[in-house]
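Participant: Protein chains in written order, with the working numbering: chain A, 10 to 811; chain L, 781 to 946; chain Z, 4 to 294.
Since the hints were made in silico from the structure, they are not lab data. For each residue, glycine too, the CB sits at the ideal point set by N, CA and C.
Facing chain L, from chain Z, some residues (calculated, C-beta under 10 Å): (1) Cys157; (2) Lys196; (3) Asp216.
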Amino acid sequence: MKVGVFISDCGGLVSKVLDIEDIEKYLRGIDGVKLVEVRDSFSSGEGLERIVRAFKERRIDRAVVTECSPKIAEIRILNRLKEEGVNPYLVEIVDLLGSCILPHRSWPDKAVEKAKVTLLAAVERAKLLEPIESRRFPIEKSALIIGGGLAGINAAIELIDTGFEVTLVEREPFIGGLAARMVRFFPTDDCALCVQAPIYELKGVTKTSRKGLYRSGVSELPGLNIYTNSRVVSVEGEPGNFIVTIEKKPRYVEETKCIGCGECTKVCPVEVPDLFNAKLKSRKAIYINAPNLYPPVYAIDETICKFKECAKCVEVCPTKAIDLDQKAETIKLRVGAIIVATGFEEFNPEVIKEYHYGEYPDVITQSELARMLDPFGPTGGIPIRPSTGEKAKKIVMIQCVGSRDRRYNRYCSGICCMIALKHADMIKKLDPESEVQICYIDIRTTGRMHEDYYERAREQGVIFVKGRPTEIVLNPDSGKPVVIVEDGLTGEILNLEADLVVLSTAFVPSSGSKELAEILGIEVAEDGFFKEYNSKLRPTETKIRGIYICGGATYPKHAPTTALHASSAALKAGKFLRSGEITKDLKVAVVNEELCGDCEFCPVVCPYGAITTVEKEGHVVARVSELRCEGCGICVGTCPKNAIELKHYTDDQILAQIRALATKLDPKEPVVLAICCAECGHCAIESSGIFLIEYPPNVRVMKVPCAGVLKVHHFLEAFNAGVDAIMVVGCKPEGCHYEYGSIKAAQKVAFTKTLLKALGIEPERIEMFQMVHIEGDRFAEAAKLMVERASSLGSIKEMIKI
Amino acid sequence: MIRVSADFAKEVKKRLGGETITNCYQCGTCTSSCPVARVTNRFNPRKLIVQSLRGKRDDVLTGEMIWLCCSCFNCQERCPQRVEIADLIYALRNIAISEGNVPNIYSEFVSALYSEGKLVKVAGFTEKQRENFGLPPLKKPDVEAIRAILAETSFGEVLKVLEGKE
Amino acid sequence: MKSYALFLGCTIPARQLNYEISARKALKALGIDLVDLDGMSCCAPPPIESVAVDASLAVSAYNICLAEEAGLDLLTICSGCFQSLARTNELLKRNSQLRKRVNQILSKIGKEFKGSIEVKHYLKVLHDEVGVEEVRRNVTKQLKNIKAAPFYGCHLLRPSELLKFDDPEKPRILDDLIEALGAKSIDYLDKLKCCGGLLRGYDDDLALELARDKVMKASKAGADCIVTVCPFCFINLDLGQIQIARKYNENYSLPIVHYSELLCLAMGVEAKELSPRSHRVKIDKLLEKIV
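So that you can see chain A by itself, here it is in the shape it has in the complex (with noise of 0.2 Å):
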């Protein structure tokens, strides 16, 4: 190897402190080290031509650059390479400037030392530097979008409208979703129905038809696929290409003949209640849930229907649409992009006893008095009483049923409180001599216009009682609930009697959800919702490439939101979908088939999914998927066998670094080795620097991708190479940017301390720290921490004679 050294000297930055010409020496004192250069910058101008040339020119084949803005430096000198045909993963940057000097303004005789050591240690891993392979994958075109409700509509029109073919599965026989049946939403107080139509141009019909899902055309635009009746059974593959495997249940009626005209269910003879329609009414074996659905054709409900023993409807139907014999069907497809827009439910309040649902027929949720609001509903827009059928004209709805509530959903809804004022409204509208009453514990209002509802509804009446009733009773004599509550602010205990009381439920993931993200190899968070990779700024992205989640399968949220969050889904699948392919650079684990064999760890232990087994001679190996691989080295830090290494940080280069950060220049000083994960430990470094904030420069630092990749042995031959104490420092649990492989050198680090009681050396020499990007306080002050720990405990060598 002909290792080439390029020192920046960052405006004089360096050469204040650090005697240049030292350096150079003992850089050419180093085995396979054949240029060294210094000069003020080497990441543009001309600087960065000279390692250009240098190696084009074969005078070198590896470099070692230092420079004062590293990241920065680093993309633009990779770049450079990449353009001149250059493998721009044999340069290896390192922050003289950073994490030699100004830490240690105080010690500047040390300084020289660790810049020296650093620098080796930089030499060492460069000569071990081979090629990375840049691979471009192809990307199938198209996006899967799994739920047909306001969400995944949304999706579908966005990612249409971007010029890509869009599958839309939904499991039910119409799509829509909750929003079908919610009458209207606020704060535009529009129909539900219209509603689900985006806004959206259909080329030779106005732009303003808004009206309807079927009437808008969207049926009909070419690149969409609707699937109705269909759920997604398996997801293979790779991301931009993901094999879906989809099973359409038979629907009976041919969606290309069926005209609606409902004769077939005049003949019918099964009846059940509605369950669309908060069983307010029946429907038949063979329905529709509302005319202006997608798509406007019956369905025939297989639990209950007779097929052949009855056929009726068969003979009826003009157009001979209905086919008792149709299969159901299995679809495969292969596409880019898969959009999770399942949205979520109404949390079933029967386990709350004492409010009696299920049991007293007049006690209902607010997306069953939705139905009754409905002018094209069960009840032709009129609240009744179930148990009567006559008009409820006295209403209290009680609000956080199964929400803020630690026994069953400890988070609250969000959009409950509007429901709520929403269907106070058309109440009150509709009939203004009607009561309601809401019994409430705080009223939460915070989106655009909806304090509006608030105001409204005080003056309209609505009496609001802040209040969590504590049950619901029966009144013997009327046959009506009594709602039992204490009026918090006047202390009294009320019983109020109504004709209905509406449940104000928790929303909770759709069902199913759970077993989707299996599937798809996405995580529920603890509450059961899909799991953003950041909550923060990437709200709609999993941790999975090209898997995406919008909608309220994320969290509850009403209409604006949903449309805001379906298009970020969109454009984010849009962005992966664009180019037909995706270009990476395989800084990927690799299992060694000779070595693996049978334990199955790193499968398991990968949090991205990308290693599955294979059979291979009788025996199973691993097999890592490269482009689902995000190198963290999480399986490499969990084989036993040493048989899967990560590209750029295999073993032998982890190693050539410790044992050449280990090196004692003077042997009277403690030697602390600081292993920092890419993401915040070593950020958490570099802002000490950026701080100058300072420690003793006897700790050493070198970085990983991941501190998941480390391995108890490599903790072992670091003392056995000399170092008297290690420091790993890793991202905070809760935000370790690959998932938990902080997590896992913790535990490795508790292990290694046990190992080393053991061994009769003391635990305290290793230790684990876990910090966020700007403490550069806290490093340094752990820093500060391990080298007293180190001088107090003496050196290794004097411990261990191995």
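Starting from the known structure of chain A, fit chains L and Z onto it as the hints suggest.
Facilitator: Relative to the frame of chain A, chains L and Z by itself:
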């Protein structure tokens, strides 16, 4: 001047049974569940808790409210924030008693437990009746053991407080 | 025959021999063997918890230790004792910090809580172990004309998370056991509401107001008796009716009986053997309905 302070809540949190007092968000489910609150406004568990949370130590510890709980646990059962209301009322009573606010009936309980190992003395007549009804003779508690246990707990302090009162 | 260590508590041997008599008789007849251990004290219920929570935990744990040493599960008749002992048992089993603290106290007398036994109430033993069918088989009298208002009280059911006795909102155990006797278990308003028994001694008026509410509602529903499981409920509803009559001028004359008494009567035991004088409200009308 009316002040509020979080100190009393902190004090209650440290006590056995009082740990969950700060979970409370004043929804009032406890009060509407309470059989005593339903018949009198001398007792209101939600109010009792908010007074404690606001630091009204004296009002709480010298008032009559803490003694009116009938220990039915309905509030604790129904509380959506899992506040251990009945348990925290015991904790408040403990503090009140340790500071000398002891309703008579509790002094009697204390003496009975300490002297007999039981809360209620069995009358000689009742004990004799046992034979008539075919009941085995009544076994006596190990009073020494009970006293030894009580001495290790804050009960010992309470005895001193009560002695002081006499 | 499964054996249990019987925990009598304070109130029953002092004030309600009728409960002890009927419970012992019934359980024996149904195959449950009861062992009287030495040294058992008060269970340290709410009156003691109110004074010192740590003391009440330690004292109830002490009683559990006695049973652990004998290798027997504890069986209680009084539901107050049940709550106190079962709650302590469960808390100490779950919370190692608390257990350590209590064991530190118990170590002074050479005892240690190990968490090796269960605390049961006799109703659960009858319902789950003996079984409703077996109870039914032992009934020799006709009780079908009796409308019994079951009163679970508070301390069997709550806090349900620790006691796990029955569904706290819709319990069935007592109803099932009453029906096993052939009687009808009726529903009445505020069936599960507390009778106010523990307020006696501090505020008798308030205790009485709550008792009256219960008796009135059970009466209104047509009950021939209220079936209790707790000695405090019994006193407040039974002696309480005498006091209610004086204070409110309302005579309900509603017999209050413990379940074990009704069970014994159903199994053919003579009323006079069950200490009927313990009942302040005469139970003659009830006895007449037992054929």
